[in-house]
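Protein chains: 2
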Amino acid sequence: MKFTVHATDGAARAATLELAHGKVETPVFMPIGTYGAVKAVSPAELLENGTRIILGNTFHLWLRPGPEVIAAHGGLHRFMGWSGPILTDSGGYQVFSLGELRKITEEGVRFASPVNGDRLLLTPEESMRIQRALNADIVMVLDDCTPYPASERETGESMRLSLRWALRCKRWWEDSRREFDAGARAAEGNANALFGIVQGGMVERLRDESLAGLTSIGFDGYAIGGLSVGESKRDKRRILAHTAARLPADKPRYLMGVGTPEDIVEAVAAGIDMFDCVLPTRNARNGWLFTRRGDIKIRNARYRDDTRSLDESCGCYACAHFSRSYLHHLQKVNEILGARLNTLHNLHYYQTLMGELRNAVAERKFADYAEAFREERRKSGKNE
Amino acid sequence: MKFTVHATDGAARAATLELAHGKVETPVFMPIGTYGAVKAVSPAELLENGTRIILGNTFHLWLRPGPEVIAAHGGLHRFMGWSGPILTDSGGYQVFSLGELRKITEEGVRFASPVNGDRLLLTPEESMRIQRALNADIVMVLDDCTPYPASERETGESMRLSLRWALRCKRWWEDSRREFDAGARAAEGNANALFGIVQGGMVERLRDESLAGLTSIGFDGYAIGGLSVGESKRDKRRILAHTAARLPADKPRYLMGVGTPEDIVEAVAAGIDMFDCVLPTRNARNGWLFTRRGDIKIRNARYRDDTRSLDESCGCYACAHFSRSYLHHLQKVNEILGARLNTLHNLHYYQTLMGELRNAVAERKFADYAEAFREERRKSGKNE
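These protein sequence lines map, in sequence, to chains A and B.
Per my numbering, the first sequence starts with residue 1, numbered consecutively.
Per my numbering, the second sequence starts with residue 1, numbered consecutively.
Hints may be right or wrong, so weigh each one.
Any copy, or any two copies together, can satisfy a pair, since identical chains are not distinguished.
Stated by the list, open to error - Here are the simulated DSS-like cross-link-like pairs (lysine-lysine), alpha carbons at most 25 Å apart as the crow flies:
1) K365 with K251
2) K39 with K23
3) K39 with K297
4) K379 with K103
5) K332 with K2
6) K365 with K297
7) K23 with K2
8) K332 with K170
9) K332 with K39
10) K233 with K39
11) K170 with K233
12) K23 with K103
Worth flagging that the hints you see were computed from the coordinates, not collected in a lab.
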């Protein structure tokens, strides 16, 4: 992995991330491919709408189809027909989301499979082993997702457990890499990057301790975890600004699970390079469409007879060929094509936004761009 | 509408159908676009896989979004983004399928809307009015779908009601056309063709009476209705052979709602030009895939680890990019992309078959082709 910053504007940066399966310009948005597919769209369409890297969910792929099936295809890329870069998460977030059904110990997390009830154990080493089989370009360490709210003491203990797990991930990864690179598959040029995840809840001091621990272990990139977990906007801004500014400047910075278009613009301003979120794809399936002039809920009866395109300034397949009335109709009758057209539009919106953010940084016009963006987004779809 | 037969081989024929929105080579298969969308695929993909004409369901579009919404787009073509020819059915088949919930009189069929319970009345004139708003290239008369089994007397009465309705359809259509052609929309070159439907159940004499009545009214094409309603294969063959041979040779012949690949090859041999069926699209969503070497049920556990493509001889997007294992996985986890890839494949299979049938007739090798087709299809997917 190689990371080169080309331009900065305030804290915002434009960079290139060179990965095993291709180059990625940052700031970048990664659509979510939960089960080895970005829901409702094809790999060809992802490329068309500007997507250059996607996220795969280790937890879901572990349970179905299982890492051995994906390994039989030589990894997730060939399995899902996506030849560009892939980042896989550690599986931790989904396991912790099981709530009462899981138990965290020093060793790892025990839980019952929601698919078939099997008793499973996710350890740092197991997460690495699965992600190695998936053969992602970027691999995430297993971390303990600190619940919100949590006391300072709980947050500190959780963060230190994450640090010990991060070290175990790094060790497994290094050992495995030696073995791996010596083996036949080294010829494929595999060079998965390993990212650490900064935890520490809403406490600056603990965020600093987490980051110091991670950098002393040494990772190819650093993510901020434990945000957008229910905290206030003010807390989120405070921790984001504090942490982003302290992440190593020569490594990619990844804000996990964020967010709305407004969240992304704000985080790019704080120096973040990478994002992932279910919003554009999940909201699309529910008929929630993002546009430059605010969001549109296409099920609304006002769109029943509206023969205009969703957004005349948008070049996506949905906006070029269909009316709001048609998208409204597809949503009302639950047509698969509706989920798909909506997803194409939302991803096109997100990827266009990311391209504009990259340009704004390169041209040192980020503040102006961000202001114009917010102004136009406030022109709600209600007035359309 | 213009219909030109280019070649015949036995009873089989290859022809060109020139319609308001384009030319169609026959024998042709029309995918079903129930709600103004062929389920799971886009208009661009339909064109790519060789589809040249699709079928729209008057009944469903009447209830949702309603003909006035579609008329506001200038017709179904612009509403659904499909610029090629469209055939619409009369709505009759769906209304009769409501069973106890509908009542047939001389006037038409009264029923309660399955969407909102509204009391509705479908008459020959109403079916024409809705199809006029949809502005299809080919419009079907409203007929009474004779139940199966039925006595000869019931069958005769039902067939004669269909004949009286066919005459009302023709009269409304002629009156409306005069008015319509005089109006502004005549400039659009609209020239919807009107097809009659031969009924008469399993009784040759009644089929003949139906056909004589329809040809004396005069239609642009003739369909065979009331087959594939539960009768034996032998009865179906008998009535198909009898009726197809007697349909006017200078008009297109349409076998409604048929069928499997084997059914289609048999019907082309009997002289049929046009087909529609839900099989390729509906079966696709259930994981039932058609191939040259028989059918594959992709949910079967034997495909879990099968890294081969579905059909190596197939050029569709699904076969070119994905493994059986991946399609199996998508089906198991209910991914939208699975329904879509399966639909692309099945439609590609059907359209490739139709192209080969057209070539076989043109080259006067139909019997050889049909024999080789049946032989290869018998090599069931079980051996794959």
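Each hint tested on the structure:
1. K365 with K251: Classified as within; 23 Å inside a copy, 67 Å across copies.
2. K39 with K23: within (24 Å within a copy, 36 Å between copies)
3. K39 with K297: Result: close both inside a copy and across copies, 19 Å intra and 22 Å inter.
4. K379 with K103: neither (47 Å within a copy, 52 Å between copies)
5. K332 with K2: Neither: 47 Å inside a chain and 38 Å across chains, both beyond 25 Å.
6. K365 with K297: neither (32 Å within a copy, 56 Å between copies)
7. K23 with K2: Intra 9 Å, inter 55 Å, cutoff 25 Å: intra-copy only.
8. K332 with K170: Neither: 49 Å inside a copy, 34 Å across copies.
9. K332 with K39: For K332 and K39, both the intra-copy (19 Å) and inter-copy (14 Å) Cα distances are at most 25 Å.
10. K233 with K39: neither (29 Å within a copy, 41 Å between copies)
11. K170 with K233: This pair counts as neither: shortest intra-copy Cα distance 33 Å, inter-copy 67 Å.
12. K23 with K103: neither (39 Å within a copy, 65 Å between copies)
Comparing the model with each numbered hint stated earlier shows that hints 4, 5, 6, 8, 10, 11, 12 do not hold.
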